[in-house]
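2 protein chains.
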Amino acid sequence: MAVNPTMIKIDYKRELESASKGMIMIHDPKLLIKLIVRMIVRKLRIKHAAMILYESDNNRYVLNISRGEAGHRIPVGFTKFSTDSPLIKLFVEKQFKPLIEGRNAIVMDDINRIIWRENVVDNSTGGDIKELLHKVNQQMDSLNSIACVPAFYQDDLMAVLLLGQKHDETKFDQEELNFFAALASDAAMAIRNAQLFNDLSREAKRNRELFIQTILVLSSTIEAKDTYTHGHTERVTNYSVAIARQMVANGSAEFDKDFFENIYISGLLHDIGKIAVPEKILNKTGRLTDEEYEIMKGHTLKGADMVRPLNLPQECVDGIRYHHERFDGAGYPDGLTGAEIPITAAIMAVADAYDAMTSSRPYRKGLDKEVAMREIKKNAGTQFNPLPVQAMIELYNQGRV
Amino acid sequence: MAVNPTMIKIDYKRELESASKGMIMIHDPKLLIKLIVRMIVRKLRIKHAAMILYESDNNRYVLNISRGEAGHRIPVGFTKFSTDSPLIKLFVEKQFKPLIEGRNAIVMDDINRIIWRENVVDNSTGGDIKELLHKVNQQMDSLNSIACVPAFYQDDLMAVLLLGQKHDETKFDQEELNFFAALASDAAMAIRNAQLFNDLSREAKRNRELFIQTILVLSSTIEAKDTYTHGHTERVTNYSVAIARQMVANGSAEFDKDFFENIYISGLLHDIGKIAVPEKILNKTGRLTDEEYEIMKGHTLKGADMVRPLNLPQECVDGIRYHHERFDGAGYPDGLTGAEIPITAAIMAVADAYDAMTSSRPYRKGLDKEVAMREIKKNAGTQFNPLPVQAMIELYNQGRV
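As you go down the protein sequences, you meet chains Z and S in turn.
Here the first sequence is numbered in numbering that gives the first Met the number 0, starting from 0 and rising by one per residue.
Here the second sequence is numbered in numbering that gives the first Met the number 0, starting from 0 and rising by one per residue.
It should be emphasised that the hints constitute simulated quantities derived from the structure, not laboratory data.
Be aware that a few hints might be false.
The list cannot tell twin chains apart, which means a pair is met if one copy fits it or any two copies do.
Claimed, not checked - DSSO-like, lysine-lysine: derived pairs with alpha carbons at most 30 angstroms apart:
hint: 1; residue 1: LYS296; residue 2: LYS279
hint: 2; residue 1: LYS204; residue 2: LYS279
hint: 3; residue 1: LYS296; residue 2: LYS283
When you get a sec, could you build the whole thing from the sequences and use the hints?
Next up, the structure:
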């Protein structure tokens, strides 16, 4: 088939450039090399292409993508290369640097030419080189490849592109190899960028996990002291998030992602101030004296105070401070009414009351859910904001609380 | 001066390509555009170049870099553009899209041509367009620019490259403008990448801050209950880190970055188990009964237990569990001896003892530092590992504790 060679080259170039273009926005190295290999096989006149990617966790290279004609493809995930593998050694070990320096790629024909040329044994490692090249030759053969293009980021071999024969079975010319090398170089940088991204992303997640778990340890500590409230913190948090979701679902509120984040944190921290309440008050089974009750009520303000160094969003602090306010203004600490009570707190008040009623305590069994729900419904508009109550009723009717 | 134009073009291309190359590894957008503008002015035949960068915090564009001949440069940081600024409107507002579509850049000559062409008033917004272009013209003039190249990432205008006249005062040809556009496009992607990076990095830092602050809240809570230990947690943490640093400085140990991270966390958490010790034991001024002492000692195991859900590195947990072990094996909870005691714990034992001795308590004044140091020195090899003791002595002699 006669094709204008210039046309093909321009196509090469444009395709490769447009492939490189979006690379850095892909933060999954495996996906990245898949897209590259697919593009190469789809757009260029090659029977087969594959790419092996370095896995730092295992210090090895794994063939992650192989595309092309049946019978040319290599089983993916199965083919692994240790850093002792000839193909990897050739690119990575210092003693072989002179061999690959100035080359964009290792091409089968070159290898054969070097193996049979006498003067390669000029230096003391000549024997090693011939032996290694023989092995590389065999490896490339078993991978159906006639050229390998290393993808370096600085001195790190991030990946290797394996290229099968062209459809017309001609050799790759220098311009083609240059393009593959440019592509590999862009890919290496994109892979590095993705790695940095993933590392940072993992760190952010890990730190958040530490934060959340520390709060949970803290709340379980409160619960360990307050023998009545085992698991209370987590249940109130879950109910609160569920009520908020339901309020969005039934159209009574519009909450953004931050709101859910904040009510979650607020739920976990809502009783943190109890840590400052003396154990003898926290664990008293009889009726609290007025003075004791005042100290107990202080956990809302104390809690809001304790989290000040965290610089949490206002919504989080509101939930901690105001979850004992009542819709009719008879609550504490500030006696706010109706819409004055931040919605985080209004939601948590319903969740808190429901859990308090349905949980068993040493001196009394918890109420049936149905009875508790009736109680909550009855107090909508007096104790509770009617909107979260309505959402709670819907959750109950759907069997979700 | 006669220069082979082909040579210049190749130079352009290579310089621009190599500039684009490392862009994505620069995660500071301001530095990034500085490098681009410097390179343009140094390598290419342009009297002046500048770049304005979008600041999302303030929703405005700021001129961050201006390079070139004296008299052509623009004061940096001073020149700010709101999104209402003509130059910005031209690139961002929908109604002007037809004007810039298909153009890589806005060139002064084009603007003049459009302004004086009748058919631009064909549509209803024609008047607006002419008026806007007049203003853009004036703006570019005041910025010493004859061409503006927008840097878009998707639909977001990330930056605008402003180009002054060429040294030979010829117009930019299409190929030159194409290169600038390619450079701007790469820059836009790199800026976006940097933004994502910075956002993630900020998130990781913020989450870590939340974690650390939550631990501090937790330890201050313990201290609030245990009236003797105000500020103890933070002091022990600081002493521990200082001792570890000094051990590296005097060559008695090699600790990596992770170690310092871990001993810091461990120090903050070392007494967390005290939260489970009843207040009446924690606050008892008289001598503890054997039974009470056993409960008190339990804070080491309890603490290690409490932090289990955090999945902290072993070094952190070791410090919590073993900071009351003694070098001679007479400590608790496990009676480990010498090198069996993890070094985190051995360091913290010295820090803990020093702070316990030097802090004042309601029923006795703290010891003089000198007396405390003598006591610690005396117990090196019996109570304490001699290496952290030696480091502590050095810190004391340097007046650092």
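**Prompt:** Can you name, in rising order, the numbers of the hints this structure does not satisfy?
**Reply:** Checked against the structure, the only hint that fails is number 2, while the rest are satisfied.
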